[in-house]
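Enquirer: Each chain, written out:
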Amino acid sequence: MADAPRAVVEGLTVAFADRRALDDVSLELPHGAVIGLIGPNGAGKTTLLRALLGTVRPSAGSVRVDGTTGFVPQIGPGGWDLPLSAADVALQGSYRRTGWLRRPPPGEHDRARAALAAVGMGEHARRQVGQLSGGQRQRILLARALVQEADLLLLDEPVSGADAPTEAAFSNILARLRDEGRTVVVSSHDLAWASARCDLVCLLAGRVIAFGPPAEALDAACLARAYGGQVVDVGGVLVLAPEGHHAH
Amino acid sequence: MLHYLTDPLQFTFMQRALVAVVFTGLACGVLGSYVVLRGLAFIGDALTHAVFPGVVIAFAAGQSVLLGALAVGLVTAAGIAVLSRGRRVSEDTAIGILFAAMFALGVVLVSSLAAYQKDVAELLFGNILGVSGTDLVLAGAATVVAVGAIALLNKELALVAFDREMAEAMRYPVFVLDLVLLGLIALAIVVSLRAIGNILVLAMLVTPAATARLLTDRLVTMQWAAAAIGAASGIVGLYISFWWNVASGGAVVLTATAVFFAVFLAQAASGALRPGPG
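In order, the protein sequences belong to chains A and B. Residue numbering for the first sequence follows this note's numbering, beginning at 1 and increasing consecutively. Residue numbering for the second sequence follows this note's numbering, beginning at 249 and increasing consecutively.
Hint data in this document are derived by calculation from the structure and do not stem from the laboratory.
What follows is a set of in silico ranges between Cβ atoms, one per label pair, in the way DEER data are often shown:
1. GLY42/A to VAL385/B: 52 to 60 Å
2. GLY161/A to PHE423/B: 28 to 36 Å
3. ASP163/A to VAL468/B: 29 to 37 Å
4. ARG19/A to GLY396/B: 44 to 52 Å
5. ARG419/B to ASN172/A: 24 to 32 Å
6. GLY228/A to ARG419/B: 37 to 45 Å
7. ALA369/B to ARG126/A: 46 to 54 Å
Now the stretches of chain A that chain B is said to cover, found in silico as 3 or more residues with beta-carbon under 8 Å:
8. 59–73
9. 81–90
10. 96–102
We treat Cβ as the ideally placed atom computed from N, Cα and C, and that holds for glycine.
Only chain A is shown next, with the shape it has when bound in the complex (with noise of 0.2 Å):
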């Protein structure tokens, strides 16, 4: 594990026309970690994510990453009825390093294929896309990641309403990517999955409320700062109160 940190973002500002998205937000992301973003309805956290992916231009501060950066989108792409089957979405992770003008090459087929098992996708491979239910899809957008082989993997939403296996694939894959030595930023609404599941919790309201390990970063101070009043102590456990965004 090198000494550098994965990423560095330093006083990240980020406005649009009509509002301020992120404000003065400095954060070094560790290698070999699991790291949640949480916070609520319009704390930033998919602007975040984007300001690391470098979609999103900083309106100020920086962002530098030290490796490949990939990249699990939230409700995931609109195009599933298009004639494309499950390993053809896993493959397309490889169409950078494949180049233009170029197919995959074989070993590019292997990788699609060994990521769509490793998301318990490997029966459904030649599906088209369409078919899948709403967790084989994001298990298949997180097969497409994996063969990405980044060293920085973004996650947006993946958990949020994810089925059973779905749930579980993820948590088992961002531990292996963790124990690579790999840096995983998901971000969530659910603290219960924070906590059990998260190396390093970065809690968000337009700007850094904590930043550490999921009992720190989640205590009830920092939660009432981040949510004001909406959440609630339940026999020793956390949970959002109004809105819908109850915790299971």
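Given chain A, work out where chain B should sit, using these hints.
Expert: Below, chain B alone, put in the same frame as chain A:
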């Protein structure tokens, strides 16, 4: 019976027309697959109308109308892409503005050239009798470029169609790829102009590809099937046009439409119709 097939081939215009509709079927089938998959029918319609002033100018200047259409089509494709890039003008609005304006320009040009007004119908509906050797060479070259470019860029174009955000995250020049796709659609329109005409090209971009999508769940198979259906519809439609003495563009388009409904109804009848996108 065979003379129904061979007799028309004695005429040079018919030989050229057959080659022209095969080019049309190939180019429109392959490009039309992306028109259908990305829901670009409105853009396709806009481009077909937008090339009209280019056709008029080239016609009046005695140049190949295909060259005129090509120049204007590429400019319009770029204009749509640039205008719709900003958030302040939606893509639909940008297309609506440009497409009507370009067609209006064509109408104004035609009305100012009194000598050519009798040719308006030919410009709008094509003239299969008027396919020149130059037109064929241009249409053939444009077909090779359009189909070749899709073959080379298929994986990137499919990625953008499936998941634009991921394509951006992977550092693909998504805007340039959009521009290239629009330019290639313009090229397919140019290929079709002489045989099918300005107004009906859209059908050749949409109908064979939509038919092919009903038949397969594989992208490349769909593109080949669309090309084959388009070319076959062109040949059959042209024979119908010859023997029944009806407009060739209309006959070709109606043939393609008949194929679509035959496949659609056959699948509905066999219960194989897939549920719509979820």
